[in-house]
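From first to last, the protein sequence lines stand for chains B and W.
Here the numbering used here is used: the first residue of the first sequence is 1, the next is one more, and so on.
Here the numbering used here is used: the first residue of the second sequence is 1, the next is one more, and so on.
Since the hints were made in silico from the structure, they are not lab data.
Note that the Cβ used here is the ideal one computed from N, Cα and C, for glycine as well.
A few of these clues could be false.
Ranges of calculated distance between the beta carbons of each label pair, as one might list FRET restraints [to be verified]: (1) Ala182/B x Leu8/W: 31 to 37 Å; (2) Asp10/W x Gln177/B: 37 to 43 Å; (3) Gly200/W x Ser219/B: 27 to 33 Å; (4) Lys23/W x Met158/B: 34 to 40 Å.
From the derived model, a few chain W residues whose C-beta atoms are all more than 12 Å from chain B [to be verified]: (5) Ile21; (6) Ser49; (7) Asn113; (8) Thr147; (9) Thr153; (10) Phe155; (11) Ala158; (12) Arg159; (13) Lys167; (14) Arg191.
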Amino acid sequence: MFLQRLKLIQFKNYLQKEFAFGRGFNCLSGSNGMGKTNVLEAICYLCLTKSCRGLQDRQLVLHGKDFFRLEGDFGKEDFSVKAEEKLEVVAKVIPGKRKEISLNGVPYTRLADHVGCIPLVFIAPEDHLLVMEGGEVRRRFLDLSLSQIDHTYLYELMKYNKLVKQRNYALKQFAEQKRFDATLIQGYNSQIAPLGDLIFHKRREFVEEFLPHFLYYHSLITGGKEEVSCVYRSSLEQAGMAELLREQLDRDRLLQRTSMGVHRDDLLFSLSRKPLRKFGSQGQIKSFVLALKLAQYRLLFEKKKVKPLLLLDDLFDKLDASRVLNLLQLLSKEPFGQIFITHTESEALRILFAESGIESPVHYCIEPGSVQKL
Amino acid sequence: MNYPSKFLEDAVMAFASLPGIGKKTALRLVLHLLQQDKDKVDEFMQAISKMRHQLKHCKKCHNISDQELCNICANPSRDPSLICVVENLRDLIQIENTGTYKGLYHVLGGIINPLEGIGPEQLNIQSLIQRSKEKEVKELIMAISPTIEGDTTIFYIARLAQRPELKISVLARGISFGGELEYADEITLSRSIKARRPYGQT
Ligand SMILES: [Zn+2]
């Protein structure tokens, strides 16, 4: 996939702005806070129907306006025989009131149907949180990958989460009212169990296929001197979801929430058999998460048979100057396709690309009050 | 908006409090009533007031009714062996409008949704379980939207009502049966009642 044209209307700091991008590297340079990352945010929104940084719709509208609109013309590179096909994605959002995303003029009835249509991988300075924070961010990484690959995954996950929430509320109300309704809990269990088993199965299979790509990219980035691993941990390894719900019922009643299930899954990251969070240096953590993202790209590409868009926010955050050159060379070859890079120094970017021997990229310079194509 | 009269404003606000009615539409309705005879407006008011004060709920199926028993329950030509379980009056009226269903109803008054504070005890579920134990009742038809909350409600009722001689069925999820009963047209609805399938079998 590649994005040919992007138009932002009343989005973040843009009143109205149109960009034309190339199929290879695209650079956005400018001082911090001038809106480079907002362009990436817009691309993300058109692909995943939401902010990549967890921002609410009302935080995405230009200050003082009540709606925003995004338009993107995407091209499809089919690897078999078919020529390019154009996909026009438009998002019209009035925060809190209306949110419409349409593909070639046809609005989606369910936004989740759009996820995965244009696969995307986002590499950002905040990625180290994948290591530093709790299991929720790592589950989100799994879910974002799987929901782009597997069309029904997002529905199964949303249904599972809603059911667990209902079950938890019921448990809370029972505790408050000092009573218990076994039939109602059985009703939730019987709906949760098959979904939990399915999600577990899909996540396990994903991590199995993901691991070799991760190890490959990690050794490519670091020179292969470190032993790393990424292991899927789930309470469903011990027993099926139905059994867990049954066995843990007394505990669940006491805690007033569902204590076991795929909503507690995690990924264990380790370096030389020790927990990465505790024993990894800043540099080691950055290489680790970069390898996670590149592997995510690779697997999305294999599964979808189209090249995902790759967004790299702040190129020099992850690596020092000498390694950045290696990374650019890696990204200029297969299987990578269209890439968006942001950086503060436009001159440094220019020199870097000149040195690399890679064809010069499309380059926008974003400064106060002006966006210039170099 | 500024109104030349406080009385007018109050009337506009009253109409605008109804679902789907904005202030512009409310003003149009109020101005229309202003042109009518006073008697006619009084009749209009009484119709609404009577509806609210005089209407009862059927003690058997919780349908709205002018008597103790609603005209569906009181009708001897309706088949008492069938009970169609619906979420609310709107769904009952919609199924009645298909003209093809000849059994009785049971109005739950909502579906189980702990997130919204609605548990089984807030709904007309106990009276349904009692009714389902009567010998003449042969089948419960669950005409409930197949949402998470709907499925939970169906499971709950089915579990409590089950006995060997009682059939429990759910509506066929037809081609254009889009999920919510509210949006199903009459032909689709009528078809999905006829093609209902036993609960627990997919
Ligand atoms: Zn009745």
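Right, here's what the structure says about each hint:
1. Ala182/B x Leu8/W: 31 to 37 Å: At 57 Å between Cβs, range violated.
2. Asp10/W x Gln177/B: 37 to 43 Å: holds (42 Å)
3. Gly200/W x Ser219/B: 27 to 33 Å: Because 52 Å falls outside the window, the suggested range is violated.
4. Lys23/W x Met158/B: 34 to 40 Å: About 36 Å separates the Cβ atoms of lysine 23/W and methionine 158/B, which means 34 to 40 Å holds.
5. Ile21: holds (18 Å)
6. Ser49: Correct as stated: the minimum Cβ-Cβ distance to chain B is 35 Å, above 12 Å.
7. Asn113: violated (7 Å)
8. Thr147: violated (9 Å)
9. Thr153: violated (8 Å)
10. Phe155: The assertion about phenylalanine 155/W is violated, with a minimum of 4 Å to chain B.
11. Ala158: Violated: least Cβ distance 9 Å, not greater than 12 Å.
12. Arg159: Its Cβ does come within 12 Å of chain B, the nearest being 5 Å, so this is violated.
13. Lys167: holds (20 Å)
14. Arg191: Per Cβ check, arginine 191/W is outside 12 Å of chain B; nearest 22 Å; holds.
The structure fails hints 1, 3, 7, 8, 9, 10, 11 and 12 (numbered hints given earlier, in ascending order).
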